[in-house]
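Residue numbers (the numbering used here), protein chains in the order written: chain A, 1 to 308; chain B, 1001 to 1186; chain C, 2001 to 2430.
The set of hints was computed from the structure by calculation and includes no laboratory data.
Just to be clear, a hint being listed does not mean it is correct.
As the list claims (entries may be wrong) - Mimicking DSBU-like on lysine-lysine, the simulated pairs with C-alpha atoms at most 30 angstroms apart in a straight line are:
1) A/Lys232 with A/Lys153
2) A/Lys7 with C/Lys2312
3) A/Lys209 with A/Lys253
4) C/Lys2425 with C/Lys2019
5) A/Lys256 with A/Lys151
6) A/Lys232 with A/Lys5
7) A/Lys7 with A/Lys92
8) A/Lys121 with C/Lys2312
9) C/Lys2041 with C/Lys2416
10) A/Lys69 with A/Lys124
11) C/Lys2425 with A/Lys87
12) C/Lys2405 with C/Lys2112
13) A/Lys209 with A/Lys39
14) A/Lys201 with C/Lys2422
15) A/Lys5 with A/Lys31
16) A/Lys31 with A/Lys209
17) C/Lys2422 with A/Lys232
18) C/Lys2129 with C/Lys2152
19) A/Lys232 with C/Lys2234
20) C/Lys2041 with C/Lys2312
21) A/Lys153 with A/Lys209
22) C/Lys2405 with C/Lys2416
23) C/Lys2312 with A/Lys232
24) C/Lys2312 with A/Lys124
25) C/Lys2152 with A/Lys232
26) C/Lys2312 with A/Lys92
27) C/Lys2405 with C/Lys2019
Claimed, not checked - A few chain A residues that don't get close to chain C, going by computed Cβ distances all over 12 angstroms:
28) Gln37
29) Ser81
30) Lys121
31) Asp132
32) Ile166
33) Arg170
34) Ser174
35) Gly216
36) Gln226
37) Ile267
Yeah, the Cβ is synthetic: ideal placement off N, Cα and C, and Gly gets one too.
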Amino acid sequence: MAWGKRKDLLGIEDLSREEIETILDTAESFKDVSRRQIKKVPALRGVTVVNLFLEPSTRTRTSFELAGKRLSADVINISASGSSIIKGESLKDTACNIEAMNTDILVFRHSKAGAAHFLSKVLKCSVVNAGDGAHEHPTQALLDLYSIREKTKRIEGLTVAIIGDIAHSRVARSNILALRKMGAHVRVAGPATMIPAGVEKLGVDVTYKIEEAVEGADVVMMLRIQQERQGKNLFPSIREYSRFFGLNRARLKGAKKDILIMHPGPINRGVEIAPDVADGPYSIILDQVTNGVAVRMAILFLYSGAAL
Amino acid sequence: MPKKEKPNTREVRIIDREKMNALINQLAERILEKNQDLSEVTLVGIRSRGTHLARRIAEKIFEKCGNRVPVGILDITLYRDDLRSRIDQPMLVRTEIPGPIEDRNIILVDDVLFTGRTIRAAMDGIMDMGRARMIQLAVLVDRGFRELPIRANYTGEYVPIKSDQTIRVRFAEDGEEDGVILREVP
Amino acid sequence: MSLVIKGGRVIDPVNRVDKVMDLRIEKGRITRIGRGLSADKVLYASGLWVVPGLIDIHVHLREPGFEYKETIETGSHAAAAGGFAAIACMPNTNPVNDTGSVTDFIVTQARKSALVHVFPVGALSRGQKGETLAEIGDMAERGAVALSDDGKPVMNAELMRRGMEYARTFGLPVISHCEDMNLAAEGVMHEGEVSTRLGLPGIPSASEEVMVERDILLSELTGAALHIAHVSCKGSVDRIREAKKRGISVTAEVTPHHLTLTHESLASYDTNLKVNPPLRSEADRQALIEGLLDGTIDAVASDHAPHNIAEKETEFENAVFGMIGLETSLSLMLRLVHEGILTPSQLIERMSSGPAGILRIRDWDLREGAPANVTLIHPGMVFNVDADRFRSRSRNTPFNGWELKGKAVCTVVSGKVVFEDKHWKTSGKG
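Same shape as in the complex, but just chain A (with noise of 0.2 angstroms):
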């Protein structure tokens, strides 16, 4: 196992191959922790995290809230209406602030691209990334991850398929680049409005057609679509979006037979992904959930060691 210390996770563009394998191993063990009667472990006992969402978010901030209290830190939430960013105090004001109260790490969600690099530069505290706008969202990537090695037990050679709007998901950049690390094939589709400039010089084939994206691929990641995208003319409607480009029974017909599907969360049941598709036999949905724990503790622990 390889750890090269290591203040801040921005993004899985930082990390290298060996160093994710690290940390989707040393979360294993913070998944029997989850597991057990008293899931807690005192590592983390005085160490600060502040969960600091400046962008909704009910799913990533508990599942941080939750590894931070199994690892015994202190860890308290700091959302963009309890913040005094509303008060016009700007985002280094508000940060540096968080930090002068001898915060350890510094959870952090933005709605703009690169907001994470910011607070890294001001910041003296270890700042993980839980997404900033459309750039990353290193620990959507790491979970998916660790839930596609749970199941398959091997990442490299597999084939993937990203489904939706990848111009503007840090959920498909963060995963591309960690698959693409993990040497994994990596497909996205969606309508061409979705599909941001140059991508394929990610690594990634690009098709419009979701059957062809289907088609042989082991896991099949799909992507929310944001209803407030609606009168940007990325697509005329949502009816038409989810005829074209939802995943439902039909569309799985040329699938693997074992194939895995995901999804980060919050699912629009009929729209991107049919309700019986979402609770069906290949996806493990629910798994990503849990195991978001697990990779978080692990994620935690890793970086407690920096802010020393």
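Given chain A, put chains B and C in place with the hints provided.
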């Protein structure tokens, strides 16, 4: 991960292969003496050398009475009290203990007993996994200088050493010759 | 009092001069060019280039309205330190320079406090709103040298047409910041693989090219002089080159930063690299160099855009566009000379008589009888950029700490020495 050994360290083999084997044999005998119902016993080795010792003891027990005692691995990293002051981030190894802990007779096994802090961490770890009926401790070498009120139930050998000396137990499992080494730290 | 610039390499692209000579200045004019000249005061220029005063035709001085970023005075000090004897300032002040009285204020303020010539650029439309024509005649009368809505490009082609026609009436060129605002949308950097990697909304090259093409067509239609500001991509260079071939009255400028950096440098999310038009690809950068070399691009202009640190020290998408450039422009451009891409004479032309021609500033050369606007350049001086010592009121440069070779060591405006580098003593008694 084995630490790089300093070049000018003086080493003395104070316990050789035969003696070590005899000590492990003794440990197994005394465990058998004190624990009538072997079906309740689980040996839990504290990784990594405690695990080797636990497996050896289990083997001896099998030779003596034909019973297989389950052996588990315990990683105490998450329970250490010096975790955050260490320079290197310790790598986690998965803790694997066969079967439930509830009502078991857990015998913790480690190679060297020193300050007692490792054993304290190990007991915390075991207790978080369930309510064992009893926890005992078996060690190959007790080098003294305790910092916590902890005493082993089964001790291979007492080797009181000076503060500028260290003790290391070597196992064939790690590609080394069995034995206990006394080292002077310059 | 007379002044002699002694023993320098006089480079004057207008008169095709490139030789070691002395230059005597009296009463604000060059009175004598030759050898062995003497005067009351001497500037020893041995080893230096003596060139026509540099001109930066695209500068934001922020006064009136945003004096916390820059003033006419501080901006002119930065210009002098960068070797510029003249600058043209864009109209996006508060109030916008869209009436004769604002133009008058700038001219008066410059006369009082500026070290260098300041040429105001008036707005084409009232309030740069792109709805109705500004009072162009009034501004021309008070000293405006060109018209532009700059960063708020005129999206209505009919208004642009009328603006060009009306500007032509007063003999003023129209400067166009070519950007289709709908196409650029919320973009903050060049659209391409880097924006995709960084998750930042992109500005496609097409948003510039569409407008370059439109404005070329309108220039053809109206006969107005069109100047394309800060060209950033290959497609624009190609279109301008082709239009020039067709005899259309179009000129163009490029910034030192577009010639130096590409979108790859944004990987660090350094907000000082957030500029509009955005830094584009290496292929674009090469095309810009080629355009500058073959004369498709007539001038180098810095688009000096001072901003307060608080406006830059923030999330990339929330940061304002622009970087300062007056004090790094020449040194960055000299890299192309050191690399053997441009000759000294070519560079000086693109930074003095080239831009003077665009704004129809006359007598901008080193000739006996011409106004004495002269810059002395040490081509080999190696130094580290230190933004803390800039004369500009702002610090938003991505070049801080860069090691550069060559800089202006003395600037003479209308016969007066307005800047002398502390580390390079040039002056002495005659």
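Outcome of the hint check:
no. : hint                     : result
1   : A/Lys232 with A/Lys153   : violated, 41 angstroms
2   : A/Lys7 with C/Lys2312    : holds, 24 angstroms
3   : A/Lys209 with A/Lys253   : holds, 14 angstroms
4   : C/Lys2425 with C/Lys2019 : holds, 22 angstroms
5   : A/Lys256 with A/Lys151   : holds, 15 angstroms
6   : A/Lys232 with A/Lys5     : violated, 42 angstroms
7   : A/Lys7 with A/Lys92      : holds, 18 angstroms
8   : A/Lys121 with C/Lys2312  : holds, 14 angstroms
9   : C/Lys2041 with C/Lys2416 : holds, 11 angstroms
10  : A/Lys69 with A/Lys124    : holds, 23 angstroms
11  : C/Lys2425 with A/Lys87   : violated, 53 angstroms
12  : C/Lys2405 with C/Lys2112 : violated, 34 angstroms
13  : A/Lys209 with A/Lys39    : violated, 44 angstroms
14  : A/Lys201 with C/Lys2422  : violated, 49 angstroms
15  : A/Lys5 with A/Lys31      : holds, 23 angstroms
16  : A/Lys31 with A/Lys209    : violated, 37 angstroms
17  : C/Lys2422 with A/Lys232  : violated, 56 angstroms
18  : C/Lys2129 with C/Lys2152 : holds, 7 angstroms
19  : A/Lys232 with C/Lys2234  : holds, 29 angstroms
20  : C/Lys2041 with C/Lys2312 : violated, 44 angstroms
21  : A/Lys153 with A/Lys209   : holds, 29 angstroms
22  : C/Lys2405 with C/Lys2416 : holds, 26 angstroms
23  : C/Lys2312 with A/Lys232  : holds, 28 angstroms
24  : C/Lys2312 with A/Lys124  : holds, 20 angstroms
25  : C/Lys2152 with A/Lys232  : holds, 22 angstroms
26  : C/Lys2312 with A/Lys92   : holds, 11 angstroms
27  : C/Lys2405 with C/Lys2019 : holds, 22 angstroms
28  : Gln37                    : holds, 41 angstroms
29  : Ser81                    : holds, 18 angstroms
30  : Lys121                   : violated, 9 angstroms
31  : Asp132                   : violated, 7 angstroms
32  : Ile166                   : violated, 9 angstroms
33  : Arg170                   : violated, 6 angstroms
34  : Ser174                   : violated, 10 angstroms
35  : Gly216                   : holds, 25 angstroms
36  : Gln226                   : holds, 14 angstroms
37  : Ile267                   : holds, 22 angstroms
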